[in-house]
Amino acid sequence: MSGPASMSLSSDAPVGDGSRVPAAPSRDDLVIDVRGLNKSFGDKHVVVDLSMQVRRGEIFGFLGPNGSGKTTSIRLMCGLLTPDAGAGTCLGYDIRTQSAAIKRHVGYMTQRFSFWDDLTLRENLDFVARVYQMDDRAAAVDRALHELGLTGRARQLTGTLSGGWKQRVARASCMLHRPQLLLLDEPTAGVDPNARREFWEELHRLAAQGISVLVSTHYMDEALRCHKLAYIAYGRLLAQGTAAEVIAAQRLTTLEVRGPDLNAFVLRLRGMPGVEQTAAFGDTLHVTGRDRPQLESALAAATQGGGYRITPVDTGLEDVFIHLMQGAADNWAPEASGRQRAA
Amino acid sequence: MRPAPAEGGHSWFSLARWWAMVSKEFLQLRRDRVTFAMIVGIPIIQLTLFGYAINTDPKHMPTALVVGDRSEFTRSFVAAMHNSDYFRITGELPDEEAGRRALAQGTAQFVLNIPAGFTQRLLRGERPALLLEADASDPTATGAALAASAQLVEGVARKDLSGPYAALAPSPPPFDVLVHRLYNPESVTQYNIVPGLMGVILTMTLVMMTGLAITRERERGTMENLLAMPLTPLEVMTGKIVPYIAIGLVQATIILLAARYVFDVPFVGSVSALYSAALLFIACQLTVGITLSSLAANQLQAMQFTFFYFLPNILLSGFMFPFRGMPEWAQWIGSVLPLTYFNRVVRGILLKGNDWPDLWPSLWPLAVFALVVMAIAVRFYRRTLD
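Which chain is which? The protein sequence lines are A and B, in order.
Using the working numbering, you'd call the opening residue of the first sequence number 1 and step up by one each time.
Using the working numbering, you'd call the opening residue of the second sequence number 1 and step up by one each time.
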C-alpha cells in the first residue's frame, strides 16, 4: 500500500535526540519507541512505566485483561493523551509535541465504533478522505467501498449497519489514508471467525508491505499470529517478545494429566506446594507451576492409587497469561469500586 | 410478581423500595453538580433580577437640555424635573440637531428644548410652551416620566409665580410642555417588543444548537475519532459554526417579515445595515454556544448552561424591561451581553432609521465580544482526551 518496506520513515523530519534511542535496531526501524510512560486519571495509575518498541513491518499484539490500560497506552502513543511522565516517538515524531504529524500518518481504530451513524457510508469515508486531504478522494472512497463489498450500500446510513459491517467500515476508514502505522483497539471483538481470518490475512499482507500494526486483542489464536507480543495487566507491562520468548521467560512447567474423575483430582491438588494453576481441557488437565521438582512431587502425591497418566507438555500462551495475571499486584484494588475509565 | 405477603404488606407499594429509590435520586443529585447549582441558582437569580433589577417605572432617565432662554423660571423648571426623580440632567447640547442625534444614539432618553424668549412670553401671559422630546421606542421607559412632566408645570407655576406674579397663575397653567414622542408616537408596545424578539430568538436557538454540537460528538464517541484525525480546534469549531450562520439568517428573515407584515412595525432604516448587524450578532451567539459546548461534559449540561446564559439575556438586555430602569449593577451586567447592543441596533434601525455613525457605538462591542469568546472557545477545546 504505501511504498516499499525499505523506504525510510517519511520525508518530513523525524525527530528525537538520539540519546533515548537504543543502538541495536536502527532508529529508522522503530515505528514506536516509548520509554517510561505514565498516566493517571485522578488517583488511578492507569499506565505505569510503559516502555516498548515496535519495528517497521511488525504486527505487535497487545494483550491483557479488561481495563488493564491497553486503550490508554494506545492513546498515549498516538498523541491522543499526554503522558504524565515519560517520552518517546511514534513514526519518529515526538509523542508530546508532534501529535499533529503523528495523526497524519497513523490509522487509529477506536474500540467503540466512532463514525457518524447519521452519515451514509460514502459520506463517512469521504469525510475521512477530506480530513486527510487526499488527492484522489473519490477514487480512494470508491476503492474502499468496493473492497468492502459495499458499493451497493454506499448511500445507506451507517447507523443501520450490523455490528460486523460497522467494524469493516471503521477498518476501511482508518486505512483509507494509507497510514504507515495502524493502531487497532480490539478490532475483532464480536467478529465472526471467518471475517477474523480474512482480517488477519489482510494485516499480514500490509505488514509485508512495511506497514506496522499495533493491535490489542483477547484472542489467543490472534496473539499467536502476531510477530511480537506484550502483556499488560493493571497498567504494568509484564512480558514482551515473541510468543516463544514470552513463554520461555516465565520458566513454567506444565504437566498434562489424564485419568478418572479429574474434578476430584483438582480438589486434591489445591493448596499443594508447587501447584500454581490448573486448567481443564476436555478430558485432560493441565497443571502448571514454576518449580518443576515440587510440581512433580505434588502430582505424585495426588495420583496415589489412581490410574493417572502424567506427561510433560509445552506451556501454552494462555497458561502464561493466566500465570502473569494472577501474579500481578492489583494496584487498583482499593478503587476497584470507583468509576471505571475506559482502558 | 410474587403475591403480597400474608402479613398484610402492600405489594404495590413498599416503603423500603420507595426509600431506596429516594436515596438513590438524592445520591445522584448530589453528584450532579450542575443540576444542583441550577436548583439553587435559578431561584436566587430570578429573585434578584425580578425583585431588584426590573423596574417598569424607571427613573433617573438621561435628559439633555437645549437651552435657548435662561431665567429663574426655566432654571426652576429644570430643577423641578430633576427633583421629580424621573429625569437626570446630563448636560446641555448646542442645538436641536445635536438633541436629535443624542436621541438616535440612545445617549439621551429625553431632550428638553427651551425656546428663546420663553420667559418674556411667559410674563406677557402668552402661555408659551417647552418642548420635551422623548425616545418613545420603548413606551414603558418613557410613559411614567412623560405623565410626571405634566404635573411639573403646575407645581412650578404654583411655587414660582407667587407675589407680584400671582396674577399669572390662573387655573389654566401659564405655560405648556409640548411632548414629542419620537420613533413610536402611538406607544405601540409591539414596536418595541417585536424587534427585540429577533435577538432573543437568535440567542436562544443558536446558543442551544451549537451548545449541543460538540457535546453530542463526545457523547456518541465520535469525538475520539475527530481528535485522532488531523483537524485543528479552530477547524472543528468554525466548521461546526458555519451551518448555524445560515440558520440564523433564515430566522432573522422570518422575524423581519413577521415584524413588517404581521405586526406592522415601521421599517425606517436600511435592510442591509440590519443584516450586517444580524450577522455580527449571530457570530457572537455561536461563539458562546461553542464555548459552552466545549466546557460542558454532556448534552444535558450544555442545555443547562444555555439556560443559565439565556436568563440574564432576556431580563437584563432591555428586551423585556427598560434598560434605564435597572439599577447600575444590573446595567453593568447588561452591558456585557451582546443582546443588549443588538436590541439597540435593531430598534435603532427599524424605528429610528439609524445609520452607521449612529450604530457604531453598539456594533463595536459586538465585534469585541465575538473575538474574545472565540479565543476562549479555542483555548478550552480539548485537543486530547485527557
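Treat the hints with care, as some may be off.
[Stated by the list, open to error] Covered stretches of chain A (in silico footprint by chain B; criterion: 3 or more residues with CB under 8 angstroms from a CB of chain B, positions within the stretch not fixed):
(1) 95–105
(2) 238–251
(3) 258–266
[Said to hold, decoys possible] Computed list of chain A residues with no C-beta within reach of chain B, every gap over 10 angstroms:
(4) A140
(5) P193
(6) G210
(7) Q277
(8) T284
(9) T303
(10) E318
In short, the hints are calculated from the structure, not lab data.
Remember, predicted model here, so these are calculated numbers, not experimental data.
Note that beta-carbon positions come from the ideal geometry of N, C-alpha and C, so glycine has one too.
Give me the numbers of the hints this structure contradicts, sorted from smallest to largest.
-> Hint check: 2, 3 fail, others pass.
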